[in-house]
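Asker: Please model the entire structure based on the sequences and the hints provided.
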Amino acid sequence: MDPRTERLQHVTRRHFLREMPAGLGAVALASLLNDGAQARDRSSGDPMALRPPHFAPKAKNVIYLHMSGAPPHLDLFDYKPALVKHSGQDCPDRFLEGRRFAFTSGTPKLLGTPRTFAPRGESGIWMSDAIPRLHDVADEICLVKSMYTEQFNHAPAELLLFTGSPRQGRPSFGSWVTYGLGSESQDLPGFVVLISSGVQPSAGQGAWGSGFLPSVYQGVQCRSKGDPVLYVSDPPGMDRSLRRRSLDTLNELNALQAEELGHPETSTRIAQYELAYRMQMSVPEVMDISRESPTTIDAYGAQPGAASFANNCLLARRLVEQGVRYVQLFDWGWDFHGTGPGEDLRDGLTNKCATMDRPVAALIKDLKARGLLDETLVIWSGEFGRTPFREGRTSGGNILGRDHYPDCFAIFMAGGGVRPGYSHGETDELGFSIVEKPVHVHDLQATILHQLGFDHERLTYRFQGRDFRLTDVHGHVVDELLA
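So the sequence shown is numbered by this note's numbering: it starts at 2 and just counts up by one.
By construction, these hints were calculated from the structure, which means they are not laboratory data.
Owing to the predicted nature of the structure, the values given are computational and were not obtained by experimental measurement.
Beta carbons: idealized from backbone N, C-alpha and C, even for Gly.
Please note that the accuracy of each hint is not assured.
As the list claims (entries may be wrong) - Taking CB as the label site, the calculated pair distances span:
(1) ASP140 <-> GLN465: 42 to 50 Å
(2) ALA307 <-> HIS55: 40 to 48 Å
(3) ASP91 <-> GLU481: 33 to 41 Å
(4) ASP94 <-> ALA308: 29 to 37 Å
(5) ARG95 <-> GLY397: 23 to 31 Å
(6) ARG168 <-> THR296: 42 to 50 Å
(7) ASP473 <-> ASN399: 41 to 49 Å
(8) LYS438 <-> SER216: 46 to 54 Å
(9) ASP348 <-> PHE104: 17 to 25 Å
(10) SER291 <-> LEU51: 26 to 34 Å
(11) LYS438 <-> PRO342: 33 to 41 Å
(12) LEU51 <-> GLY199: 31 to 39 Å
(13) PRO53 <-> HIS477: 19 to 27 Å
Said to hold, decoys possible - Listed next, the in silico DSSO-like pairs over lysine-lysine satisfying Cα-Cα at most 30 Å (straight line):
(14) LYS59 <-> LYS366
(15) LYS366 <-> LYS438
(16) LYS438 <-> LYS369
(17) LYS366 <-> LYS61
(18) LYS59 <-> LYS438
(19) LYS110 <-> LYS86
(20) LYS110 <-> LYS438
Answerer: The following block contains the structure:
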């Protein structure tokens with residue numbers, strides 16, 4: 002909605018309540034101020050109040066698991082026997098013409114996977130031996146082997162995936178979702194970000210920023226070790242009652258400014274101050290995974306008090322259980338060029354997958370056991386794929402690695418109304434091109450929004466004279482992915 006129109010509606014409703022006889026005005030105002038989530042309305046000044054989607058959703062929440070650096074899909078999900086057969090041979094010229102690569106030039110050598118593949122589950126989805134725990138949930142996942150993008154460097158590819166544009170400044174996926182739906186939780190952020198492996202994604206905070214949307218919709222980064230949220234604790238010398246009196250005074254000043262100027266960031270400021278105050282009590286509790294049973298902690302491979310992807314997967318389940326709308330996990334270390342032992346497609350990939358495979362499988366099983374999988378959409382992806390040949394800089398060594406490749410990659414989803422036990426799309430026999438059912442990044446965005454109850458063409462925000470949307474001017478819902 003145009004923010005100016007939203008402001009006019011807000012003023013009109015408030016004027017109506019103020020001017021009507023006391024009986025009706027008091028009843029309506031009491032309803033607006035009711036603590037129940039169903040009574041929260043954005044005309045009351047709460048930008049995170051619930052807002053209905055365009056149609057009945059299949060999913061209420063999203064957990065997005067991003068493997069930052071782009072996992073080698075040919076060694077995990079897209080088995081190519083012909084590539085194995087011709088491994089070590091020169092790459093045919095027809096596959097190289099007109100293509101640019103990040104670190105490879107000349108004529109590279111084809112690289113068949115060193116991993117062992119087999120069909121898994123009753124659905125028969127092919128998976129490699131690098132991800133043994135995910136074999137157990139093969140019949141829950143919807144695998145897409147025909148993803149593609151235009152970006153072959155990490156930062157622009159991640160920005161395109163999460164904001165719809167390869168350049169900084171657009172709202173992120175979670176920001177669009179919380180702008181469109183609001184949050185079911187009054188004591189936790191609607192959009193939470195968790196980072197593991199010690200490095201932020203290449204796209205930086207733009208991957209969870211609010212862009213030109215009001216800043217209340219940006220992701221809140223939480224930590225599984227130390228203070229859960231930086232700067233949310235009371236400073237030395239300020240107790241709880243003093244903080245409350247300070248916020249009340251600030252809110253009175255902000256309310257005066259909101260009344261006079263009507264700027265959306267003033268409402269954002271009020272909402273964020275109040276949320277931070279409530280978070281001081283709610284966040285430490287929900288972020289304390291030691292409250293989980295030893296069996297659950299062991300299933301994820303989590304360690305209370307530590308910082309890890311496993312901890313973050315368990316936290317993601319706890320957060321959606323408490324009404325957080327969108328949880329975004331970033332795990333660095335999936336850039337398998339072969340520049341060191343940790344980037345080798347043999348032991349290096351085995352070791353990296355061991356940190357991911359167990360907690361992701363546990364998350365899917367845990368959500369299902371708790372009755373949350375049907376309403377929670379889990380997405381696992383990188384930002385692009387890897388080449389079917391050896392990376393140019395490392396092609397002469399003993400360490401096997403692959404270069405960046407935007408033309409083909411694989412992702413999977415689970416729950417949230419997507420089709421379980423299904424493999425979508427195909428690439429050619431060597432893995433260079435999509436030959437069946439291509440899915441662009443914008444198509445993925447449109448499909449995820451559809452599961453949340455949105456027509457992606459109608460979820461818009463007017464900025465600089467035109468309506469913007471996550472999918473820009475592209476994208477279509479891939480119906481075959483839906484249950």
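Asker: Decide, hint by hint, whether the structure agrees.
Answerer: Here is how each hint holds up against the structure:
Taken as a hint, the range 42 to 50 Å holds for the pair ASP140 and GLN465, whose Cβ atoms sit roughly 47 Å apart. Distance hint for ALA307 and HIS55: a CB-CB separation of about 41 Å, consistent with the stated range 40 to 48 Å. Restraint check, ASP91 to GLU481: a C-beta distance of roughly 37 Å satisfies the suggested window 33 to 41 Å. About 47 Å separates the C-beta atoms of ASP94 and ALA308, a value inconsistent with the hinted range of 29 to 37 Å.
Distance hint for ARG95 and GLY397: a CB-CB separation of about 24 Å, consistent with the stated range 23 to 31 Å. In this structure, ARG168 and THR296 meet the distance hint of 42 to 50 Å, their C-beta atoms being roughly 46 Å apart. Taken as a hint, the range 41 to 49 Å holds for the pair ASP473 and ASN399, whose Cβ atoms sit roughly 44 Å apart. At about 38 Å, the beta-carbon gap between LYS438 and SER216 misses the expected band of 46 to 54 Å.
For the pair ASP348 and PHE104, the supplied restraint of 17 to 25 Å holds, since their beta-carbon distance comes to about 22 Å. Under the hint 26 to 34 Å, the C-beta atoms of SER291 and LEU51, about 32 Å apart, fit the expected range. Taking 33 to 41 Å as the suggested C-beta distance range, the pair LYS438 and PRO342 conforms, at roughly 37 Å. Take LEU51 and GLY199: their Cβ atoms lie about 36 Å apart, and the range 31 to 39 Å holds.
For PRO53 and HIS477, the hinted distance range of 19 to 27 Å is satisfied, since their beta carbons lie about 23 Å from each other. The straight-line distance between the Cα atoms of LYS59 and LYS366 is roughly 19 Å, inside the 30 Å bound, and the hint therefore holds. Taken as a hint, the LYS366 and LYS438 pair is honoured in the structure, with Cα atoms around 29 Å apart against an allowance of 30 Å. For the suggested pair LYS438 and LYS369, the alpha carbons sit about 29 Å apart, so the restraint of at most 30 Å is met.
About 18 Å separates the Cα atoms of LYS366 and LYS61, which keeps this hinted pair within 30 Å; it holds. Between LYS59 and LYS438 the alpha-carbon distance is near 23 Å, which keeps this suggested pair within the 30 Å criterion. About 13 Å separates the Cα atoms of LYS110 and LYS86, which keeps this hinted pair within 30 Å; it holds. For the hint pairing LYS110 with LYS438, the CA-to-CA distance comes to about 28 Å; that is within 30 Å, so the pair holds.
Checked against the numbered hints given earlier, this structure breaks hints 4, 8; the rest are met.
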